[in-house]
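**Q** The chain contents come next:
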Amino acid sequence: MLNPELKLNEKMFDGQVEQIPIRKGFGEGLLAAGEKDMRVVTLCADLTESAQAIFFKEKFPQRFIELGVAEQNMASVASGLAAMGKIPFITSYAMFSPGRNWEQIRTTICYNNRKVVIAGSHAGISVGPDGGTHQAIEDFAITRVMPRMVVLSPCDALEAKRATEVAALTDTPVYIRLAREKTPFMTTKKTPFAVGLAQLFWESKSPKVGIIATGALVYQALLAAKELKEKDIDVTVMNLSTIKPLDTEAIVSLAKKAERIVTVEEHQQNGGMGSAVAECLAKHFPVPMEFVGVDDQFGQSGTQEELLKHYGLDKEAIIKAVKKISKR
Amino acid sequence: MELTDEKIKKLKGKANDIRVSLIEALLAAGSGHTAGPLDMADIFAVLFFHTLVHNPKKPDWPERDRLVLSNGHICPVLYSAMAHAGYFPLEELKTLRKFGSRLQGHPHRDFLPMLETSSGPLGSGLSQAVGMALADKIDHGLTASRRIYALLSDGELECGQTWEAAMLGGKEKLHNLTAVIDRNNIQIDGYTEDVMPLEALSDKWRAWNWHVIEIDGHNMAEIADAFEAAKGIFEKPTVIIAHTIAGKGVKEFERDYRWHGKPPNAQEAAMALSELRTLGGKIKSEHQ
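For the record, the sequence lines run as chains A and B.
The first sequence begins at 1 in this note's numbering and counts up one residue at a time.
The second sequence begins at 1 in this note's numbering and counts up one residue at a time.
Treat the hints as calculated values from the structure; they're not laboratory data.
All C-beta atoms in this analysis are idealised placements derived from N, C-alpha and C, irrespective of residue type, glycine included.
Among these hints, one or two may not hold up.
With a straight-line cut-off of 25 Å between C-alpha atoms, the simulated SDA-like cross-links for lysine to any residue are [said to hold, decoys possible]:
1) A:Lys36 <-> B:Ile138
2) B:Lys171 <-> A:Arg63
3) A:Lys24 <-> A:Thr133
4) A:Lys283 <-> A:Ala141
5) B:Lys173 <-> A:Thr170
Which stretches of chain B does chain A cover? Using the computed rule of at least three CB atoms under 8 Å from a CB of chain A, they are [what the hints assert, rightly or not]:
6) 101-113
7) 126-136
8) 159-166
Produce the entire structure from the sequences given, and follow the hints as far as they go.
**A** Here's what the structure looks like:
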């Protein structure tokens, strides 16, 4: 059942549940952060509207910088702004930032110890029709490997807004992964959020499998949990919205209780959130694992639904993974 | 600040001291870059002992000018100039590139927090300086008076990011930003015009809305005047193209690209130090 302590959206399984894109929550959070703190500045590389920097730009034109299609420059200019006490947010598609500008983020932001927030929109394959070039499914791997970087992956627009506001107050560089497509509201304004805090969205007294999901796919994991419950298979679903630093205690505790873990992410299986969980459990409490994620392939054009099904990331794939691991 | 003949003489002495110390540091390190540090010694002497608004006793003084070294591999000249200016003891120069040293092979702020930036990978320094200048411009508009200096090599102009930064600097009319290009015409693989021609260099910067000043990078008066003139340019950033002789100060090293990335051995260092300490044979007893 849904964890009552977290004040989640009780209507999330209704057919008419409200859905908005995760990136919209970022846009609102950025505006709120800008209103709270004059030091917040926003940089954009020719994607102001789709990367959701538009609200900030309209309200604070003096603190908005348009750099044109130049993501490498954007990362390093942000480093310079941070050196002078500003709190820069750099906004683009995840494929280009932190994709194209990885070395600039490593050297001029992380190595330099400059606090910059990197917002990567249109992450995951659910970007859909734009095709594989625009589907960032390697971003967790390349960001979580950098010292000092905090990696956030909110599950819905409300959590994205909270994560964005908190990112502005964090001392370290932060990467926030955002998705383009509409996502049902799972959280409410009363749901707690903190960097490094993993939350059990769906609880069972004696779970056979622990599902750890991140981003919009948390919803698919919850749908899977609900369906499995109807078949008397009890699972627990954890929303892991901070990929780094990992909530080791919560992950180990879940592994001890469920003794089997399935990870779910819109990312390559190699190097992603599942890998991070596997690294953690291999050190502290090894248990059998299954990885729901893209299996060493690039994406392609299609609808969100078609692509989630094709690459094995939807509810059905999660149920299949749970059944498979139950036999191990 | 007025540049008297006496001051010029003093700056020349400082440049020589900086060269001597960086050769000693490279010899102790056993690896590192020689040509660039030598040819930038005159510009560093003017910056640290004449132009920069800074306080070596209070390196984190908020009002200081900002100096961004983009081509981190010439850090022996930065470290040497900083030590002579009093940022840290001269003896520390001999720890260059050694384990645990504050003087990392390429500058790193974790080890030496008084550095404005960590650098090494080429082509990103101008972007950071543009960001710093933008921050002041956001706060103070056209009245922003603090200077941001970016020191670049000519070889790194081959990096596309430099031109992304140049475009933004021109677009934002960053009058508070001065870039200096060490136009020594060499890089690791050879002479720049063989590796990847950069000319017509000044036209390229003008095209991005920069004010261009070309100088003899070893003429103290020209260097100081160019920095001063840049302060009077309104609504444009300034780039100073400093024509330098690679390896300047040690005849045997000059103009030879093979000195880009290697240190002198004991014999070569002894020869170089003797040449520097006698000011190229102008004085008989070695100047210490």
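**Q** Quick one: which hint numbers does this structure break? Sort them smallest to largest.
**A** When the structure is compared with the hints, only number 5 turns out to be violated.
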